[in-house]
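What follows is the residue order along each chain.
There are 2 protein chains.
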Amino acid sequence: MAYNELYQYSVVSSLMEGIGETGLPYSQLVKHGDHGLGTFRRMAGEMICLDNEVYQMKSDGSIVTIDTSNGTDVAPFAMVTRFQPSVTAKIAFDSKHGLSDVMSNLFPKTKNRYLSFRIDGLFQSVAVRTADGQRYEHEKLRELHKRQTTNEFTNVRGSLIGFRSPEFLQGVSVAGDHLHFITDERDRGGHVLDCKSEGEVQFSGSILSAVHLQLPDDDEYNEAELNLDADGIRKVEG
Amino acid sequence: MAYNELYQYSVVSSLMEGIGETGLPYSQLVKHGDHGLGTFRRMAGEMICLDNEVYQMKSDGSIVTIDTSNGTDVAPFAMVTRFQPSVTAKIAFDSKHGLSDVMSNLFPKTKNRYLSFRIDGLFQSVAVRTADGQRYEHEKLRELHKRQTTNEFTNVRGSLIGFRSPEFLQGVSVAGDHLHFITDERDRGGHVLDCKSEGEVQFSGSILSAVHLQLPDDDEYNEAELNLDADGIRKVEG
Chain A
1 MAYNELYQYS VVSSLMEGIG ETGLPYSQLV KHGDHGLGTF RRMAGEMICL DNEVYQMKSD
61 GSIVTIDTSN GTDVAPFAMV TRFQPSVTAK IAFDSKHGLS DVMSNLFPKT KNRYLSFRID
121 GLFQSVAVRT ADGQRYEHEK LRELHKRQTT NEFTNVRGSL IGFRSPEFLQ GVSVAGDHLH
181 FITDERDRGG HVLDCKSEGE VQFSGSILSA VHLQLPDDDE YNEAELNLDA DGIRKVEG
Chain B
1 MAYNELYQYS VVSSLMEGIG ETGLPYSQLV KHGDHGLGTF RRMAGEMICL DNEVYQMKSD
61 GSIVTIDTSN GTDVAPFAMV TRFQPSVTAK IAFDSKHGLS DVMSNLFPKT KNRYLSFRID
121 GLFQSVAVRT ADGQRYEHEK LRELHKRQTT NEFTNVRGSL IGFRSPEFLQ GVSVAGDHLH
181 FITDERDRGG HVLDCKSEGE VQFSGSILSA VHLQLPDDDE YNEAELNLDA DGIRKVEG
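If you read the sequences in order, they're chains A and B.
Quick note on UniProt numbering: the first sequence kicks off at 1 and runs consecutively.
Quick note on UniProt numbering: the second sequence kicks off at 1 and runs consecutively.
In case anyone wonders, no lab produced these hints; they're calculated from the structure.
Remember, predicted model here, so these are calculated numbers, not experimental data.
Do not take every clue at face value.
Same chains, same names: a pair is fine if it fits in one copy or spans any two.
[Stated by the list, open to error] In silico DSS-like pairs for lysine-lysine, Cα to Cα no more than 25 Å straight-line:
1. 196 <-> 140
2. 146 <-> 31
3. 58 <-> 96
4. 31 <-> 111
5. 96 <-> 31
6. 90 <-> 140
7. 140 <-> 109
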């Protein structure tokens, strides 16, 4: 795949419905990109992909490096790109909302396309959650959300990997900014609820206009009733 | 592109908003498929692509063969595929709704994926409409719809080219069945409102799970406020 094209496996509405038994093998996913986020079978933890590695960040706080050569892990949902930043900048922000504003200024006229971005440096705080996995088949994301583990890391060095998706593609992707975090030591991380830089951190980002959406082909997905639960997505992925 | 992958330029919500000044050159579009439908600059008529030709079916009843080698025509919206049917059948139907039922039986468990299909033969009747083009910049599709030209052809030989899109992708594509018609003589056609086969006609179709969505990159698209107008889409594309 060319640089800065989005490869997405499945749609968020499917994840919301709890379609998590099967997915794309990570060995195949990494052929489409080196920068991304997603989840694992039965939504067990949060996925982050950077620097040619894929990590599973679990709710017990442990982090597993995924074997992408011949491992058996699969992604019921994932977004990746071959990341080549077109914009780099030193930026500072005191909240996830503040970060959004900074990015909107860095990328004017992009609200109807995707962005991919990465932020490296020292963070005053990063609040994360990790999903602990489905307890029964097709448990919905709204249910998992109720018992998610949250953590706040302070004075921590690490990387944020994220995507911004257009509002009108809510349900396909997660509208707005969706980002995962991992420390430099690769020992802590999760889905970012809030974040605050310590002074300036290094931002890099690019616009994605070409989207490759792979719809699953298995009974679980094919039989699912997929409806847009915009409120639910904001709740569990916001 | 591989067989039976969907290539789509822009999204239906953009078309609804009247974003029609620019688009993908047809010379580029045809590289992605040989079977499809779409529209033209300022929504002037209906596009149908089959048998390695692209036709513009205009509201005055004329049909133009598009020069896809070095022509200047562009598609503000189009869907194409390299069509290789996996299912062929002799089918009969007495309405567009009846055709939908036949296809649902031919393709069980596909409601969350796309279908592409083609139907050739003798039709007792085919009711079509053709959009007459925007009268001012950004005129919305709902407005164009009010003065669309409709026609009913009877005892006519021709081809239907269509796509079925998942309900949850309404706004990206046209949810449900969306089909265009052209006669064997390539002298009449349009966007199909209703159709009735004369006895049995030849059906061929395939499932599409890989979707390549190219989002436009021009000021007109980038500045558009894109919202899902599901009711409007059903009205103008149903």
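Against the structure, the hints come out as follows:
In the homo-oligomer, the alpha carbons of residue 196 and residue 140 never lie at most 25 Å apart, since the shortest distance is 30 Å inside one protomer and 43 Å across protomers. In this assembly of identical chains, residue 146 and residue 31 lie within 25 Å of each other by CA distance neither inside one copy nor across copies; the values are 34 Å within and 48 Å between. For a Cα distance limit of 25 Å, the shortest separation of residue 58 from residue 96 inside one copy, 22 Å, qualifies, whereas the shortest one across copies, 50 Å, does not. For the identical chains of this complex, residue 31 and residue 111 are neighbours neither inside a copy (28 Å) nor across copies (28 Å), given an alpha-carbon limit of 25 Å.
Taking CA atoms no more than 25 Å apart as the test, residue 96 paired with residue 31 passes in neither setting, with 30 Å inside one copy and 41 Å between copies. Proximity of residue 90 and residue 140 under a CA criterion of 25 Å is satisfied in neither setting, with 39 Å inside one chain copy and 42 Å between copies. For a Cα distance limit of 25 Å, the shortest separation of residue 140 from residue 109 across copies, 21 Å, qualifies, whereas the shortest one inside one copy, 35 Å, does not.
Checked against the numbered hints given earlier, this structure breaks hints 1, 2, 4, 5, 6; the rest are met.
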